[in-house]
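**Q** The lines below spell out each chain.
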Amino acid sequence: DAGVIQSPRHEVTEMGQEVTLRCKPISGHDYLFWYRQTMMRGLELLIYFNNNVPIDDSGMPEDRFSAKMPNASFSTLKIQPSEPRDSAVYFCASSIRDPRSGNTIYFGEGSWLTVV
Amino acid sequence: QKEVEQNSGPLSVPEGAIASLNCTYSDRGSQSFFWYRQYSGKSPELIMSIYSNGDKEDGRFTAQLNKASQYVSLLIRDSQPSDSATYLCAVAGNQFYFGTGTSLTVIP
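Chains as they are written, first to last, in our numbering: chain C, 1 to 116; chain V, 117 to 224.
Here chain V stands alone, though its shape is the one from the complex (with noise of 0.2 Å):
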């Protein structure tokens, strides 16, 4: 089992639309969360950080942490072309993890 699991993908959504990207970790004791966002032919950068449970809301970005379940979210709400990327999950608890990303492409 990999320490963080997401969908590769790719995720396609119609702009306007919320796009939801999903991840799951195995390390029990993890603390921090972090979504990561990654044009195509750039760097990673990070977008939000979300350390207790439940929502954390960033304009149109809101990240959800559920700890008993091992599983942390983001919701992009209206999407827009420009979210077009890959979505990198990360996880701090021992060690720091990312997971493989998820691509999405928001429709116009």
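Next comes chain C alone, as it looks inside the complex (with noise of 0.2 Å):
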């Protein structure tokens, strides 16, 4: 079975540039998430969704960021204006059911993401 897929793998981009990152849950996954990785801050959960629907984005640094889902297989992530200081590896994850209850998260290969 296929895991979680994600693209680009890699971006390279200038400042100011719209960003979008994709990804694809594993079918018949009901959460899907979002989550930014650097040195310093270690792994940040951004977004998450629960069957399509956002349920908690306090995560998200700012307005410059929005998620979608807009159907069960199919979630982006999209930075608008891009700035240096959101270089990062994003991931996606998804799990089958609430991972608070005891359901593994499993994490796609992740965007590395570089803003110059």
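Do not take every clue at face value.
Said to hold, decoys possible - List of simulated lysine-lysine pairs, BS3-like, C-alpha gap at most 30 Å:
hint, chain 1, residue 1, chain 2, residue 2
1, V, Lys172, V, Lys118
2, C, Lys24, C, Lys78
3, V, Lys118, C, Lys68
4, C, Lys24, C, Lys68
5, V, Lys172, V, Lys183
6, C, Lys24, V, Lys172
7, C, Lys78, V, Lys118
8, C, Lys68, C, Lys78
9, V, Lys158, C, Lys78
10, V, Lys183, V, Lys118
11, V, Lys183, C, Lys68
12, V, Lys158, V, Lys172
13, V, Lys158, V, Lys118
None of these hints come from the bench; they were simulated from the model. Values in this document were obtained by computation on a predicted structure and should not be read as measured data.
From the two separate chains plus the hints, produce the assembled complex.
**A** Structure representation (structure tokens):
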């Protein structure tokens, strides 16, 4: 079975440009998460969805960040305009049910973003 | 106070030794606890979960949970160079939190 699929794997963009990261969760998983990882701050939860509905976006750093999940098999994380401090690895992850009940979170391979 | 705290390390142990990784958490209502391993440049992957006080063993790995003291630990016996990675503690209560991870290096 395919895991969580993310694209692009690597992106280098100039400051001010729009960045769109894409994710396909594992089929049948009800929960989808977007995380950002940096050396300084570790793994930060940006937003998560349950059955395509955003549940908690309190981790989204500012209005430049937005996320959508138009259907059960696709989600996007958009940064507009991008800034150098957005450089990080962005992980998409999914879980079959609520991870707070002990269900495993499965991570994609990450999108490595560099904003110059 | 962070929800989940780990010593960032780096922790270095010789091959064959026991590596001990520790994690404390602040939400006393937390019910589920996880250890993820992350190799450099890769994504985190689950290696163990524990829900009840005491020890849980899986091969060379043992997770220990003490809810009264609010800590969870991971012991790696007979450490191998392939165990060199960052180990992330995760705790599930009202929310789901990851620690910042402990970097482990096993020296051949």
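**Q** For every hint, state whether the structure bears it out.
**A** Hints versus structure:
no., hint, in the structure
1, Lys172/V x Lys118/V, "holds, 26 Å"
2, Lys24/C x Lys78/C, "holds, 15 Å"
3, Lys118/V x Lys68/C, "holds, 28 Å"
4, Lys24/C x Lys68/C, "holds, 12 Å"
5, Lys172/V x Lys183/V, "holds, 14 Å"
6, Lys24/C x Lys172/V, "violated, 33 Å"
7, Lys78/C x Lys118/V, "holds, 28 Å"
8, Lys68/C x Lys78/C, "holds, 9 Å"
9, Lys158/V x Lys78/C, "holds, 22 Å"
10, Lys183/V x Lys118/V, "holds, 17 Å"
11, Lys183/V x Lys68/C, "violated, 37 Å"
12, Lys158/V x Lys172/V, "holds, 26 Å"
13, Lys158/V x Lys118/V, "holds, 25 Å"
In this structure, the hints that do not hold are numbers 6, 11, in rising order.
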